[in-house]
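Chain residues, written in single-letter form:
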Amino acid sequence: MNAIEVHGLAKHYGDLVAVDKISFEVGDGEFFGLLGPNGAGKTTTVRMINGIMEPDAGSVFIKGVDMIGDPLKAKSRIGCIPEVGNVYQDLSAIENLDLVGRFHGLTRKDRESRSEELLASLGLTDRGDDLVRTYSKGMRQRVSVACALIHRPSVLLLDEPTEGLDVHSRRVIIDLVKKTNSDGSTIVLTTHNIEEANKLCQRVCIINKGRIVAIEAPEKLRRAFESIQTVEVAFDRIVSPTQFAGEHVSAAEAYGDKCRFSTDDSDEAIRHIVRVAEKEGLRIVSLCTQGPSLEDVFLRLTEEGT
Amino acid sequence: MNYSLLLRGALVVARKDIRIYYRKAPVYIFGLLLPTFLFFAFFIGRKLEVSLYFPGFLAMSLFFTSSSVGPIIVPWEKQAGTFERLLSMPVTVTTIILGDMLAGALFGLLISGIVGVVGVLLLGLTVTNMLLMAVLFVLGNACFAALGELLSSTGGRIPSNVMMLSSLVRFPLIFISGVFISLSDLNGISLTVARFSPLAYLVDGMGTAMGQSSVFHWSADILGLLLYTAFFVYASGRILRRNLMKGL
Chain A
1 MNAIEVHGLA KHYGDLVAVD KISFEVGDGE FFGLLGPNGA GKTTTVRMIN
51 GIMEPDAGSV FIKGVDMIGD PLKAKSRIGC IPEVGNVYQD LSAIENLDLV
101 GRFHGLTRKD RESRSEELLA SLGLTDRGDD LVRTYSKGMR QRVSVACALI
151 HRPSVLLLDE PTEGLDVHSR RVIIDLVKKT NSDGSTIVLT THNIEEANKL
201 CQRVCIINKG RIVAIEAPEK LRRAFESIQT VEVAFDRIVS PTQFAGEHVS
251 AAEAYGDKCR FSTDDSDEAI RHIVRVAEKE GLRIVSLCTQ GPSLEDVFLR
301 LTEEGT
Chain B
307 MNYSLLLRGA LVVARKDIRI YYRKAPVYIF GLLLPTFLFF AFFIGRKLEV
357 SLYFPGFLAM SLFFTSSSVG PIIVPWEKQA GTFERLLSMP VTVTTIILGD
407 MLAGALFGLL ISGIVGVVGV LLLGLTVTNM LLMAVLFVLG NACFAALGEL
457 LSSTGGRIPS NVMMLSSLVR FPLIFISGVF ISLSDLNGIS LTVARFSPLA
507 YLVDGMGTAM GQSSVFHWSA DILGLLLYTA FFVYASGRIL RRNLMKGL
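As you go down the protein sequences, you meet chains A and B in turn. Note that the numbering used here has the first sequence beginning at 1, numbered continuously upward. Note that the numbering used here has the second sequence beginning at 307, numbered continuously upward.
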C-alpha cells in the first residue's frame with residue numbers, strides 16, 4: 001500500500017488556479033521531495049494532503065484512509081511541520097510535546113518517555129522546562145520537529161523545515177529526519193533548497209503553476225538533461241564573462257572568481273574559450289566541465305512552464 | 307464521524323486554552339474589570355435596591371466572563387503562527403469550536419459562580435429554585451462562550467480588533483436585556499427588542515430562580531438560550547470554515 005495517494009487534486013483562489021488536478025503516489029518508506037518556485041502550489045498541495053485545507057476537487061489517501069471521508073483518522077497518521085507552524089511560546093518544550101501527545105492519544109508514560117528521547121536527540125534536554133519564548137529560532141524549530149514526531153507518525157510532512165536556520169540546527173534536524181525515514185516513516189519534504197532535496201530525496205516532484213512538470217529520481221532527471229553542460233574556468237585575473245559569447249556558449253556568467261559557461265557542446269565551447277583567452281593574453285588557472293545539476297534541471301523545467 | 311476522537315480533541319483544545327489564554331490581559335480587562343466598573347457606575351451614589359438588580363448583575367457578569375475568552379483565541383493563534391499547527395492535529399473545525407467553547411464556559415462558570423455565591427451570602431438573598439439556577443448557569447455559560455467563539459471566527463488575526471468588535475456587540479446587549487432597567491418595566495418596542503437578546507432570557511430566568519416576577523415563562527428562557535446556543539455554534543462553524551486560512 002502507498003503511504004500517500006493523491007488523485008486529481010485541485011484548488012482555486014477565485015480565478016487563480018493554485019493546484020491544477022495533480023496526481024501522484026508516495027511509496028511506503030519513501031523520501032519524497034516537492035520542489036517548485038514561489039507560488040507554484042507546493043504549500044497548497046501540502047495543506048490539502050495534511051487536511052488543513054479542503055480541495056475543490058480530487059482526493060487524498062493516507063495509508064489507505066480518505067482524508068476527506070475520515071480526517072481525524074487520516075490526520076492521526078501524519079506528523080507535520082507546517083509552513084507557519086510555530087509552537088506555543090507560552091509553554092515550555094516539554095509542555096508543547098505533552099500537548100501534541102495528548103492530541104494523538106498517547107498515555108502519560110509514552111508522552112514522558114518519548115519527550116525525553118526526542119529532546120535528547122535534538123540537544124534540548126537542558127532547556128526542556130524553559131518557556132519556548134526564551135529559545136532561539138533554531139531551538140524553536142527543533143521543538144517543532146519534536147512535536148511532529150512524538151507519536152511516531154507513518155507519514156511526516158515537512159514544509160521548509162530548515163529555512164533560515166543556523167548550520168547546527170539544520171544538521172540536527174536533517175539527521176533526525178533521516179533517522180525517522182530509516183526507521184520506516186515516509187517523508188515528504190517541501191523545500192527551496194535543491195541541494196538538500198538532491199541529497200535526501202529518492203524521488204522529487206517539480207511543480208510549476210499548480211501542475212506537475214516532472215516526477216522522477218534526481219539522478220534520472222539530471223541524466224535526462226545531459227545536453228546541458230557547463231564549463232567552469234578560472235583565469236589569472238578577473239575578466240568579463242560576456243567577452244566569451246559565441247556560437248556554442250549559450251550563457252556566460254561570473255561564478256565567484258571563476259567564469260561559468262553553459263553549452264550544448266563542451267568540446268567546441270572549450271576550444272572557443274581557449275582561443276579568446278589566447279587573444280586576450282589570459283592565462284587559464286583551472287578548467288572543469290560539469291553535467292547538469294538538479295538546480296539546472298529545475299530551472300530548465302520551471303522556465304519552460306513560464 | 308469518530309466521536310471518541312472528536313471528544314478527545316475538544317478536551318485537549320480546552321486544556322490548551324486554559325493553560326495559555328486564561329492568563330491573557332484582554333480576558334481580565336474585558337471579562338472582569340469592565341462589568342465590575344459598569345456595576346459600580348450604575349449603583350454608586352444611587353439609592354437602589356441591590357437585591358432587585360442582583361439577577362441582572364449576576365447575568366451580566368456571567369455574560370462578560372464566558373464571552374471574554376473565545377474572541378481572543380483564534381486571532382491570537384493566527385498572529386502567533388500556531389493555528390496552522392493546531393489544524394494539522396487530529397482535529398476538525400467542530401473540535402476546535404467545542405474546545406474553545408468549553409474553555410470559555412468554564413471560565414464564566416468559575417467567575418460567575420464566585421460572584422453568585424458571594425453575592426447571595428453577603429446580601430442575604432435566597433435562590434428559590436436552585437435547579438433552575440444551575441441549569442441557567444450551565445446554559446448561559448455555554449451560550450455566551452459560543453457567542454465569543456462566533457466573534458472569534460470572523461477572520462481577523464489581530465486580537466485587539468476582535469475585542470473591539472466583541473465590545474461593539476456585547477455593550478448594546480446589556481442595555482436592552484433588563485440588566486439596568488428591569489424587563490418588567492420595558493414595554494412596546496423596547497420589550498420587542500429585548501426578545502431578540504439572548505441575555506434577556508438569562509436575566510429573566512435568574513430573576514425567576516430568585517423568586518422575582520418574570521416576563522417570560524422559565525421554559526421560554528431555557529428554550530431561548532438553547533436556540534441561541536445552537537445558532538451561535540452553527541454560525542461559528544460556518545464562518546470559521548470560510549475564514550480558516552484567512553490571515554495564515
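It should be emphasised that the hints constitute simulated quantities derived from the structure, not laboratory data. Some hints here could point you the wrong way.
To be verified - Calculated lysine to aspartate or glutamate pairs in the DMTMM-like style (CA-CA distance at most 25 Å, straight line):
id: 1; chain 1: B; residue 1: 552; chain 2: A; residue 2: 126
id: 2; chain 1: A; residue 1: 220; chain 2: A; residue 2: 129
id: 3; chain 1: B; residue 1: 330; chain 2: A; residue 2: 95
id: 4; chain 1: A; residue 1: 137; chain 2: A; residue 2: 70
id: 5; chain 1: A; residue 1: 109; chain 2: A; residue 2: 83
id: 6; chain 1: A; residue 1: 209; chain 2: A; residue 2: 183
id: 7; chain 1: B; residue 1: 552; chain 2: A; residue 2: 90
id: 8; chain 1: A; residue 1: 178; chain 2: A; residue 2: 163
id: 9; chain 1: A; residue 1: 279; chain 2: A; residue 2: 303
id: 10; chain 1: B; residue 1: 330; chain 2: A; residue 2: 54
id: 11; chain 1: B; residue 1: 552; chain 2: A; residue 2: 295
id: 12; chain 1: B; residue 1: 552; chain 2: A; residue 2: 20
id: 13; chain 1: B; residue 1: 552; chain 2: A; residue 2: 98
id: 14; chain 1: B; residue 1: 330; chain 2: A; residue 2: 129
id: 15; chain 1: A; residue 1: 21; chain 2: A; residue 2: 226
id: 16; chain 1: B; residue 1: 330; chain 2: A; residue 2: 296
id: 17; chain 1: B; residue 1: 330; chain 2: A; residue 2: 130
id: 18; chain 1: B; residue 1: 552; chain 2: A; residue 2: 83
id: 19; chain 1: A; residue 1: 199; chain 2: A; residue 2: 303
id: 20; chain 1: B; residue 1: 552; chain 2: A; residue 2: 296
id: 21; chain 1: A; residue 1: 178; chain 2: A; residue 2: 219
id: 22; chain 1: B; residue 1: 552; chain 2: A; residue 2: 56
id: 23; chain 1: A; residue 1: 179; chain 2: A; residue 2: 219
Stated by the list, open to error - Some chain A residues close to chain B (C-beta under 7 Å, calculated; not the full set):
id: 24; residue: 75
id: 25; residue: 80
id: 26; residue: 82
id: 27; residue: 86
id: 28; residue: 88
id: 29; residue: 94
id: 30; residue: 103
id: 31; residue: 106
id: 32; residue: 107
id: 33; residue: 280
id: 34; residue: 282
C-beta atoms are modelled at their ideal positions from N, C-alpha and C, and glycine is treated no differently.
> Failing hints, ascending?
Replying inline: Hint check: 1, 2, 4, 5, 6, 9, 10, 11, 13, 15, 16, 20, 29, 31, 32, 33, 34 fail, others pass.
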